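Kindly produce the complete structure, drawing on both the sequences and the hints.
Protein chains: 2
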Amino acid sequence: MSKVHNFSAGPSILNQEVLKKASEAVVNFNNLNLSILEISHRSKDFVAVMDNAVALVKEILNVPEGYSVLFLQGGASTGFLNTVLNYGNKNGSAAYLNTGAWSKKAFKEADISHGEAIIVASSEDKNFNYIPKGYTVPDGVDYFHITTNNTIFGTQIKDIPVQENTLLIADMSSDIFSRKINVSDYALIYAGAQKNLGPAGTTLYIVKDDLLGQTNRTIPTMLDLRTHIGKGSMFNTPPVYPIYVSMLTLEWLKANGGIEWIERVNQEKAALLYSEIDANPLFEGTAEKEDRSDMNVTFVLTNDDVKEDFDKMWNEAGISGINGHRDVGGYRASIYNAMPIESIQVLVDTMKQLANKYDLVNE
Amino acid sequence: MSKVHNFSAGPSILNQEVLKKASEAVVNFNNLNLSILEISHRSKDFVAVMDNAVALVKEILNVPEGYSVLFLQGGASTGFLNTVLNYGNKNGSAAYLNTGAWSKKAFKEADISHGEAIIVASSEDKNFNYIPKGYTVPDGVDYFHITTNNTIFGTQIKDIPVQENTLLIADMSSDIFSRKINVSDYALIYAGAQKNLGPAGTTLYIVKDDLLGQTNRTIPTMLDLRTHIGKGSMFNTPPVYPIYVSMLTLEWLKANGGIEWIERVNQEKAALLYSEIDANPLFEGTAEKEDRSDMNVTFVLTNDDVKEDFDKMWNEAGISGINGHRDVGGYRASIYNAMPIESIQVLVDTMKQLANKYDLVNE
Numbered sequence: 001m002s003k004v005h006n007f008s009a010g011p012s013i014l015n016q017e018v019l020k021k022a023s024e025a026v027v028n029f030n031n032l033n034l035s036i037l038e039i040s041h042r043s044k045d046f047v048a049v050m051d052n053a054v055a056l057v058k059e060i061l062n063v064p065e066g067y068s069v070l071f072l073q074g075g076a077s078t079g080f081l082n083t084v085l086n087y088g089n090k091n092g093s094a095a096y097l098n099t100g101a102w103s104k105k106a107f108k109e110a111d112i113s114h115g116e117a118i119i120v121a122s123s124e125d126k127n128f129n130y131i132p133k134g135y136t137v138p139d140g141v142d143y144f145h146i147t148t149n150n151t152i153f154g155t156q157i158k159d160i161p162v163q164e165n166t167l168l169i170a171d172m173s174s175d176i177f178s179r180k181i182n183v184s185d186y187a188l189i190y191a192g193a194q195k196n197l198g199p200a201g202t203t204l205y206i207v208k209d210d211l212l213g214q215t216n217r218t219i220p221t222m223l224d225l226r227t228h229i230g231k232g233s234m235f236n237t238p239p240v241y242p243i244y245v246s247m248l249t250l251e252w253l254k255a256n257g258g259i260e261w262i263e264r265v266n267q268e269k270a271a272l273l274y275s276e277i278d279a280n281p282l283f284e285g286t287a288e289k290e291d292r293s294d295m296n297v298t299f300v301l302t303n304d305d306v307k308e309d310f311d312k313m314w315n316e317a318g319i320s321g322i323n324g325h326r327d328v329g330g331y332r333a334s335i336y337n338a339m340p341i342e343s344i345q346v347l348v349d350t351m352k353q354l355a356n357k358y359d360l361v362n363e
Numbered sequence: 001m002s003k004v005h006n007f008s009a010g011p012s013i014l015n016q017e018v019l020k021k022a023s024e025a026v027v028n029f030n031n032l033n034l035s036i037l038e039i040s041h042r043s044k045d046f047v048a049v050m051d052n053a054v055a056l057v058k059e060i061l062n063v064p065e066g067y068s069v070l071f072l073q074g075g076a077s078t079g080f081l082n083t084v085l086n087y088g089n090k091n092g093s094a095a096y097l098n099t100g101a102w103s104k105k106a107f108k109e110a111d112i113s114h115g116e117a118i119i120v121a122s123s124e125d126k127n128f129n130y131i132p133k134g135y136t137v138p139d140g141v142d143y144f145h146i147t148t149n150n151t152i153f154g155t156q157i158k159d160i161p162v163q164e165n166t167l168l169i170a171d172m173s174s175d176i177f178s179r180k181i182n183v184s185d186y187a188l189i190y191a192g193a194q195k196n197l198g199p200a201g202t203t204l205y206i207v208k209d210d211l212l213g214q215t216n217r218t219i220p221t222m223l224d225l226r227t228h229i230g231k232g233s234m235f236n237t238p239p240v241y242p243i244y245v246s247m248l249t250l251e252w253l254k255a256n257g258g259i260e261w262i263e264r265v266n267q268e269k270a271a272l273l274y275s276e277i278d279a280n281p282l283f284e285g286t287a288e289k290e291d292r293s294d295m296n297v298t299f300v301l302t303n304d305d306v307k308e309d310f311d312k313m314w315n316e317a318g319i320s321g322i323n324g325h326r327d328v329g330g331y332r333a334s335i336y337n338a339m340p341i342e343s344i345q346v347l348v349d350t351m352k353q354l355a356n357k358y359d360l361v362n363e
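Protein chains in written order, with our numbering: chain A, 1 to 363; chain B, 1 to 363.
Because the hints were derived from the structure by calculation, they are not lab data. Predicted model, so just to flag it, every value in this text is computed and none were measured. Be aware that one or more of the hints could be misleading.
It does not matter which identical chain is meant; a pair holds if it fits inside one copy or across any two.
Pairs of lysine-lysine residues, derived as DSS-like cross-links and limited to a Cα-Cα distance of at most 25 Å, are as follows [what the hints assert, rightly or not]:
#1 Lys-44 - Lys-307
#2 Lys-3 - Lys-105
#3 Lys-21 - Lys-105
#4 Lys-231 - Lys-104
#5 Lys-44 - Lys-352
#6 Lys-180 - Lys-254
Pasting the structure below:
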């Protein structure tokens, strides 16, 4: 069968070796002659998976002492609520940076789930094609929430807005493990697995332990992060397989050189594609250059008459998943960690081929 | 490799053909040359999986009009909270039948998450070895919550306590799809997948639509069942793989004859094992006979001196996962839908072999 170049925004491409191991474990895990899907989560074989996954997160992201790593359920959408309940006081106020559709949903949860929610800055005026800068976070807020990468709009926060005396909380669903981060800047990091970490079905939390339990709320059991810290993500049955495949992905990342390696590779991959977008007269990026995401590359055609040709060409080249989100239109190439530069080269070649067909030479 | 007889309480045994297909889809799903783990949940191939899984639940359980079927995250433990928030009024009261550790957790959530929670009857006085009967549910409660099968204690509610004018809510995590049920008896049924439905990571909800939105609460977005009904379980990224494997399991169940078939098989399987427990002088069941579970068979040795021998024998026979839960001790054989009667026969033969060794003839 011919190779598929999978630019899906998420759930998204995983490494081929990871998939091979993940497939084998479904019929015979650890030579137990049992599937990973049918063993107890309390068995020593799965406890070892969980322990290894947690240890790999800590090692790869250089997580300092005093932070817990959790693999939970519910997606970032549940993370929005966990943020409010674990860090926001009843009748307190919380600050949000509004950089896209997911930021808005995070804000909305704070707005409906009690207290005052403040948008300190927004790029909605330009359909979220940039990251606001130069704003002020009010003193005395319970926390400041950011979305580090905006999957739909193709923007990414390059300079993390750390403010003294303000708890910083980040939804990193679409760029965690793609670049170096300084975990100690954050009270909480959360991220759905289904971009750089693994398949859909688990959500990573990196939590500074001593900041929990400081609010005036009663928190339901499953939404209280302390519940899960106390039980090592095993308060109830965890999503065994998504955690297993995440562990395999982290092993792959570590074996290849960890964050330093992948950050360099991701920068090379993004530069290759953005260079073509900027050089090719038929394409135009939608995000402000300084805020461009290294994970989701959004672009449009400068001439809609060539759309049919382009769509036919990339389809024939085996490219899939590059139609843009309806909020932006055009195209979106999601180039997460597992995406090989060879696939990006195929896309770039297709873009060049389109220009050539119309006798337009890239500058 | 030798066959493993997997009596794990959950995550638990899945059908071998299901596992084979599930393994193949991890490397190549639907001949897309893509893994099921790396495609968009909005792709037509996955939307078809979700639609099929929902349709199979409706067909197999004969779900009437007016009910929605959802595949969510969070396990039954999140179901405890969803119950309170979607059906319980602020300062209202709710009734619980206390038949085991999971019932207690469900009750606890109602107790801490506002309103008054009432235990109408409990079998805790005898370590939950029976199902209370003859109790009265007070008029005017918001709902009445039951746990239909008690995984740890090996009891099962045989006569569902339907009461006129009282909303009935059931946690069916460990016996859904094992026997006929009358869905119209219930306002809500919920069940973690990891027993009879699929792997850990998704939770089934069967919801009577017109009973939602009747309370005086503001419900956070992700905990409001209406959120998920409105989006067909795709408000946010669903747990793709657990849902896919659940769909395969439901296809297997339907192809073999559905609920009528599996109920008959489950009764035969349970009868085979309970007969041996009752006939063999070295064994004793822990649950009251009339309340015995067809899913989880709990028993103890009548003479602890033979424990070492028995443990050696079943280990050598390839049996795994029959150590009892610490709350009951002894042994627990979980004999869910996918457990073949041949594996139960191996266990029964081992029990006979033990009696023979001590020259005790079964009566």
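List of violated hint numbers, smallest to largest: 2, 3 and 5
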